[in-house]
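Visitor: Chains as they are written, first to last, in our numbering: chain A, 1 to 678; chain B, 1 to 387.
I should point out that these hints are in silico values taken from the structure, not numbers from a laboratory.
Backbone N, C-alpha and C define an ideal beta-carbon position, used for all residues, glycine too.
Hints should not be assumed to be uniformly reliable.
Said to hold, decoys possible - Chain A stretches covered by chain B per the calculated footprint, using a threshold of three residues with CB under 8 Å from any CB of chain B:
#	segment
1	419-430
2	570-583
Unchecked claim - Partner residues aside, some chain B positions facing chain A, computed with beta carbon under 10 Å:
#	residue
3	Q35
4	Y47
5	S50
6	A116
7	M289
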Amino acid sequence: MNRLIRACCLLLVLAWAAPLSAQHDHSEPGHDHASHAGPSRTVPWTKEIVELAESLPVQDGGRVKPLHTFAGFTLLRMNGKRSVKTPTGELLSPTEWLLDLLFFPDLANTYAMFRVDDIAAIREIGGPTEGKQKRDRWSYSELHKHTGKLFDLANTYSQIDEKARDSVQTQVVALAHNVDEYIRVSRKTAFAQSLLPVGAGDGLTKIFGGREQVRFSEVIDHVDELRALQGDLDKDPARAAEQGPLTELLQRTVQIAEGSEAVAMFPPTVDAKAQPAWYSPSDLLMSAFAGDGRHSEHVAMLGFLEKAMDARGDMGEFHKSLAGFAGEAKALARARGEYEKIGLELVYYKSKLLDYSHYGFVLGFLLVAFLWMWPQSKWLYRVTALSAGFSVAAIIAVIVMRCMIRERPPVSTLYETLLFVTGVGTLAALVMEAINRRKLALSAAVVLGTLGIFLANRYEELDKRDTMPELVAVLDTNFWLATHVTSITIGYSAGMLAALLANVYLVSRLFGIRKSDPTHLKSLSRMTYGALAFGLIFSVVGTILGGIWANDSWGRFWGWDPKENGALLICLSQIVILHLRMGGYLRDFGIAMATAFGGTVIAFSWFGVNLLGVGLHSYGFTSGIHTALWSYYIGQWGLMAICGVHFMIERAKQEAQSGATHAQQPAQAPHSTDGRTA
Amino acid sequence: MRLIDAFVKGLSSLWLCVTLLVLLALLTWLGTLEQVHTGLFEVQKKYFESIFFIHHAGPVPIPLPGATLVMGVLFVNIILGGIVRLRKRVATLGVLTTHLGIAFLLVAGFIKAYHAEEGHLTLYEGQRSNVFESYHNWEIAVLEKLPDGQLREVVAPELTFTDAEEGARVVLTSKDLPFSLEVTRYLSNSRVLPKGPMFEAPLPVIDGFFLERQEKAKENEQNVAGAYVAVLDPQGTGRNEAILWGAATQPWTVEVGGKTFGVELRRSQYLLPFTLRMDDFIKEDHPRMTMAKSFSSDVTVFEGSTSRATKIEMNEPLRSQGLVLYQSSWGPSNARPGDRLFSTLSVVRNPADQYPLWACIVIAVGLLGHFLLKLFRHIRSEARGIA
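Next comes chain A alone, as it looks inside the complex:
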């Protein structure tokens, strides 16, 4: 709707400014303003400038976030990682890259940062392939001559259903999206590079003091006078000659602002409820021409950006101008109550707590391997526990920070389920370890932590979107997110931990690990049961709470929607296992097999049903998950099949031995190693 309104305003301005021949196209960043191309950056961005730029508030994806976050995800989408290497070998952070794109576009155009996974896509658009590998990166300079064909092909391929596209078509569409976004982002400061011609005429001369060229900010500053001039010219046919220069000025102003709406960096001067949407330079122009008035703060901000553009060869002057812009932007954002979380979000991303948590788990994973070789080493045990404890604390801190930034409960997106499942699962495993101190739960914790954060990182890399997005209307309820979603995710977490422990049991049994210790398998079985029971409580309660939420939102408790069915399948599988255990129908090995299978049921409910593409819960990013999910299914079922065969052979041998013993000692009772759990 906002876009529609903006488009209508744009049309109004264009209509007012007389028919235009100019039209926005995918013109080359930097080159459309080549007449005013500035100096090339010869020294690295200073730390002060980068830190200042990182903390700038921007409105993107419906929320206010630091420029650092915006730059990070934009670069991730285009480059597949959050850094870029320049042709001179300089490694740029996302913000440094964005500063280059905004203020040194000619330089940024030479950075090979469009990642393409299949070189055939580049061949298809006629781009350069010499010296490139199958999966490689291209710069905008290499692609710009081929953007016409790229957009044409992407337009054609977009008509094909996403699932039916082949690899080349997918790559072409993705590349077109990235190039388009690159061009749009680069145009954000295009206005600051341009000088607008002031033609002849008393009116314009009076307004601009006889200057021949003015800046964008000055046009906005004098918008009321320009409107008045237009009114005067309409009434006075004798001044018809002045109409041409005025029209040209307005046309050029509209032209340089057009395309700058990619990111909004100008907070409105009014209350956030009255005007939630921030402005881009284009919006400021529309708003001013629509008669909504101009605000000195915005004119000043535009002026600071223009000064920064002029001073881009001089880091000191540039910093001064950028600081002026930042001061105004932050003051306005603070007045609207939209700046409080910027600092925390910066800390969240820059502290890299999630990475450190991952390192801790990986270290723990390695230490656990040694621990099993030297099980008596208390020193090794403590270091491993410390490493795992640090990682769990770090991931919990990550979850808490996200809650504070978003003012939401811990889980509201598919990405957050991965963090939360990892956090809760590893914490539960450490609690188990604290209770029985047999190294088993500690081992499970580091494996779960390593895998969980790896999957979360992969998800972020594949999705390439802000992991703190705004929510659709039905999810905009902290009460149900805190109760239903949190419960069900704890259920996933405990269920996956149980499945992991069950797999440890199966592998131990398969390879005869610690065969001499009779308590080893028994402990694993007990822990599996504990995790299963813990998971069942949360799965059942979470599922019913989901029904109650559905009853409040859609008017029915249960609708047999795939996600609801997935949750029911988890509950049923866990109830069946516990009942079979209670009745003595399943013993340790059977429970381990069933619980391991239960892990695949959880995976089906967690991600699998989203792949079906039907139902009310078809949310979240899913492409790329299919392969991972099927790898897990096949791996798990394969292991179960091997363990099943092994178990049967083992039992047959025992029976044969038992039969032989029986023949010699008929009075001895039959013996089974597969005792029933307590």
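Let chain A serve as the given structure and place chain B on it in line with the hints.
Guide: Just chain B, lined up with the frame of chain A:
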């Protein structure tokens, strides 16, 4: 007596419980996958609201019990095995409580399945109504304008004439009508076409038009029913035939005994105990996005001589006199700023509306009690082991 004992024992057995749970899981899984090919409504009817059905695993037909039968037997199993025959001890108190909660949840499900009414009320801003209509069910209504200007309706619900779908001739009669209505054919999804000179119509042509059978849509709401009907006068001598179509804008009019009647095929309609006026529909987007942040309808509820203004929004339905009204949809989707909008409210009358909440509390208490007791015992035994 022994036979009864054995029967009760079988019905309350753990094996039966496990078998039923596995069957329910299987049905849930099959029904989930089937939704990709068939719409939710059809899947619900086939897998979850049936007693028996045939599942086709490729070319192989497999007879399976429907979820209704499975859950019915499970209910009996829980009552007998999980409550009545369960040993009553401190250790089983949690299990007993949990079983009570699950039984109560199943009761809620059965009440909802057999006693709930569901539909929607779609109103443009400024419009008012005291009628909501079903998403799925159809009815044939005979309308008669009374001398005082009021409209009298005689309604035949879909169940009374669905046999006509299989080709059976169904005659509907009412003491309030001076004629009977014969339904010769009923099509659950159809369209009306004019008969051309170059082709044969598959079904009878009336006044140059015929009904063409359509594949059932995946979303049941998109199906438009049609029927061939005939008004038979009391003497059985006269026969007046017509086509009724669910998307027709006007009823078919017919004269019988000097009186004019309107006959229409429409979605089942239910009366609200109040009148509702749609004052304003508000869709708020997230800033600079087309993604909706919230939907809400400002409405006025007129009950007798009183009226009250209220807001219905996502997750905040209106509950009144046993009915619950939810914000469901809106349109037109191509509306421009300033256009008049309509809002669709889902309406549900469910006597067991809040039962799941109570069941959830009971189950949570039961499970927590049971497993905390187990955990406590486990920790104690571990402590003993360490000591």
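Visitor: So, for every hint listed, does it hold in this structure?
Guide: Structure-based check of all given hints:
1. 419-430: violated (count 0)
2. 570-583: holds (count 8)
3. Q35: 5 Å, holds
4. Y47: 8 Å, holds
5. S50: This hint is violated: B:S50 lies away from chain A, its Cβ roughly 12 Å from the closest one there, beyond 10 Å.
6. A116: Holds. Min distance 8 Å.
7. M289: OK, holds: B:M289 within 10 Å of chain A, min 5 Å.
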